[in-house]
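K.L.:
Listed below are the residues making up each chain.
2 protein chains.
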Amino acid sequence: MSKAEPTQTPSAGEPRLSRASAARFSLYLRPLEHWHQAGLRTVSSGQLGEAVGITDAQVRKDLTYLGSLGHPGVGYPTEELVLALRRALGIDRTWAVVLVGVGNLARALLRYRGFEQQGFRIVAVFDSDPGKIGQEVEGLEIHGLDRLPAVVAARGAELGLLTVPIESAQAVAEALAAAGIRGILNFAPLCLKPPPGVSLVSVDLAVQMEQLAFLVQLENGERPLTTR
Amino acid sequence: MSKAEPTQTPSAGEPRLSRASAARFSLYLRPLEHWHQAGLRTVSSGQLGEAVGITDAQVRKDLTYLGSLGHPGVGYPTEELVLALRRALGIDRTWAVVLVGVGNLARALLRYRGFEQQGFRIVAVFDSDPGKIGQEVEGLEIHGLDRLPAVVAARGAELGLLTVPIESAQAVAEALAAAGIRGILNFAPLCLKPPPGVSLVSVDLAVQMEQLAFLVQLENGERPLTTR
Numbered sequence: 001m002s003k004a005e006p007t008q009t010p011s012a013g014e015p016r017l018s019r020a021s022a023a024r025f026s027l028y029l030r031p032l033e034h035w036h037q038a039g040l041r042t043v044s045s046g047q048l049g050e051a052v053g054i055t056d057a058q059v060r061k062d063l064t065y066l067g068s069l070g071h072p073g074v075g076y077p078t079e080e081l082v083l084a085l086r087r088a089l090g091i092d093r094t095w096a097v098v099l100v101g102v103g104n105l106a107r108a109l110l111r112y113r114g115f116e117q118q119g120f121r122i123v124a125v126f127d128s129d130p131g132k133i134g135q136e137v138e139g140l141e142i143h144g145l146d147r148l149p150a151v152v153a154a155r156g157a158e159l160g161l162l163t164v165p166i167e168s169a170q171a172v173a174e175a176l177a178a179a180g181i182r183g184i185l186n187f188a189p190l191c192l193k194p195p196p197g198v199s200l201v202s203v204d205l206a207v208q209m210e211q212l213a214f215l216v217q218l219e220n221g222e223r224p225l226t227t228r
Numbered sequence: 001m002s003k004a005e006p007t008q009t010p011s012a013g014e015p016r017l018s019r020a021s022a023a024r025f026s027l028y029l030r031p032l033e034h035w036h037q038a039g040l041r042t043v044s045s046g047q048l049g050e051a052v053g054i055t056d057a058q059v060r061k062d063l064t065y066l067g068s069l070g071h072p073g074v075g076y077p078t079e080e081l082v083l084a085l086r087r088a089l090g091i092d093r094t095w096a097v098v099l100v101g102v103g104n105l106a107r108a109l110l111r112y113r114g115f116e117q118q119g120f121r122i123v124a125v126f127d128s129d130p131g132k133i134g135q136e137v138e139g140l141e142i143h144g145l146d147r148l149p150a151v152v153a154a155r156g157a158e159l160g161l162l163t164v165p166i167e168s169a170q171a172v173a174e175a176l177a178a179a180g181i182r183g184i185l186n187f188a189p190l191c192l193k194p195p196p197g198v199s200l201v202s203v204d205l206a207v208q209m210e211q212l213a214f215l216v217q218l219e220n221g222e223r224p225l226t227t228r
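Heads up: the protein sequence lines correspond to chains A and B, in order. Going by the numbering used here, the first sequence opens with residue 1, and the numbers climb by one from there. Going by the numbering used here, the second sequence opens with residue 1, and the numbers climb by one from there.
Among the hints, a few may not be true.
Claimed, not checked - Stretches of chain B that chain A covers, calculated by requiring three or more beta carbons in the stretch to come under 8 Å of a beta carbon on chain A:
| id | segment |
| --- | --- |
| 1 | 98-112 |
| 2 | 116-130 |
| 3 | 183-194 |
| 4 | 207-217 |
As the list claims (entries may be wrong) - Below are the SDA-like pairs computed for lysine to any residue, each with C-alpha atoms no more than 20 Å apart in a straight line:
| id | chain 1 | residue 1 | chain 2 | residue 2 |
| --- | --- | --- | --- | --- |
| 5 | B | 132 | A | 193 |
| 6 | B | 132 | B | 168 |
| 7 | A | 193 | B | 51 |
| 8 | A | 193 | B | 34 |
| 9 | B | 61 | B | 42 |
| 10 | A | 193 | B | 220 |
| 11 | A | 193 | B | 114 |
| 12 | A | 193 | B | 56 |
| 13 | B | 193 | A | 35 |
| 14 | A | 193 | B | 219 |
| 15 | A | 193 | B | 44 |
FYI, nobody ran anything at the bench for these hints, they're computed from the structure. Think of the CB as a built atom: it goes at the ideal place given N, C-alpha and C, for glycine as much as any other residue.
Let the hints inform the model, and build the full structure from the sequences given.
P.N.:
In structure tokens:
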């Protein structure tokens, strides 16, 4: 921590964290939290790089964004590094999350321990099916979509998980935006247009599968990947 | 297609597709397949870039890997582009996939239309729970893990979906490798060590959520992201 006071607005002379660096920050957090819990006091850029498959030079470059945390020959203090990474990512607080679309994926996400561990709390669930509305899932009452604005406001929810079918995804995204949601994690396999002022991250599971197929073929030298 | 014959081995003088380009190829495919089905004959790099949030210059650069497909002022022929992208990614064929760990996430993945659309067919499911073995899920019999080698060989499966708890993920990954699986899509929120010769893609849903939180704050100017 080289400065005593946090700066509240970005200024041109200061480095900004790129989205790619932010993605790597998330990757670094996982082994670091594990090591911290296991009592490891310091870690090296080499250890961290090996754990996540990134060169130690890139690790050191990324971590300079956090200020002067590391010491040559000693490494980075594990706990401080975890805290600094969480602060940079904006997860040194909890986020209230609503979920729309109660199917199997929703049930899996409601039980997914990783969200709660990182400060994401699913506080309300919604569905358009009259047969589901009023029922409970993982201890939460299923609301109709008409209740979105009231529940989002009452629970202070800022993020939305979208697990509805392709056909209704765009309309529900807009309803979430209108209700005051500021970020949407979309699981429907389509190109969603983010409503104005709303951030969007899409999880396309088939893309992950395609990347895997690509890597398998690369590993086996089956695809020359020429300009043909 | 500027060359009549496909090259079967990579040679030093030819550009190789990077993993980042391959990831973008997957992104390009989604709107292209949609447009192709809708009867659109040609697309421009600008349209494609806008649909996936990438500059048209980057789109054009990426697509040069596919050879001379585009024509200035006319654009790219949609159908040829879809076929060339699928070939480059290695999904101009079907892949047989096994799934291990039958919980809610598995049930969601078994119903996920996106996999089958892209040529990934889940052909067998496994679990270690004696209470589940022998039962059916989405029309597939649940096998015990002892049957992995026999079933993988019989079905010609090459990829594995890993939806087991954190505690057993590493052991099951090794069992998949021993059974002949060449690529694993891992959903357990931990740093899995890929067994030798096996490609690994990990889907950490909390990472996606963290990226979303980061973007929301960036959008709202709440995080200065200085070197503090």
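K.L.:
State for each hint whether it applies.
P.N.:
Hints, verified against the model:
1. 98-112: Per the Cβ count (8), the hint holds.
2. 116-130: Coverage by chain A holds here, the residue count being 3 at a Cβ distance below 8 Å.
3. 183-194: It holds, with 6 qualifying residues against the three required.
4. 207-217: Three-residue rule met by the segment 207-217 of chain B, so holds; n is 11.
5. B/132 x A/193: 41 Å, violated
6. B/132 x B/168: This hinted pair holds, its Cα atoms lying about 17 Å apart.
7. A/193 x B/51: The hint holds at about 9 Å.
8. A/193 x B/34: Roughly 15 Å between the alpha carbons, so the hint for residue 193 of chain A and residue 34 of chain B holds.
9. B/61 x B/42: 18 Å, holds
10. A/193 x B/220: Between residue 193 of chain A and residue 220 of chain B the Cα gap is close to 19 Å, so the pair holds against 20 Å.
11. A/193 x B/114: 19 Å, holds
12. A/193 x B/56: 18 Å, holds
13. B/193 x A/35: Holds, at roughly 16 Å.
14. A/193 x B/219: Distance ~16 Å between residue 193 of chain A and residue 219 of chain B Cα, so the pair holds.
15. A/193 x B/44: 19 Å, holds
In this structure, only the earlier hint numbered 5 is contradicted, and the remaining ones agree with it.
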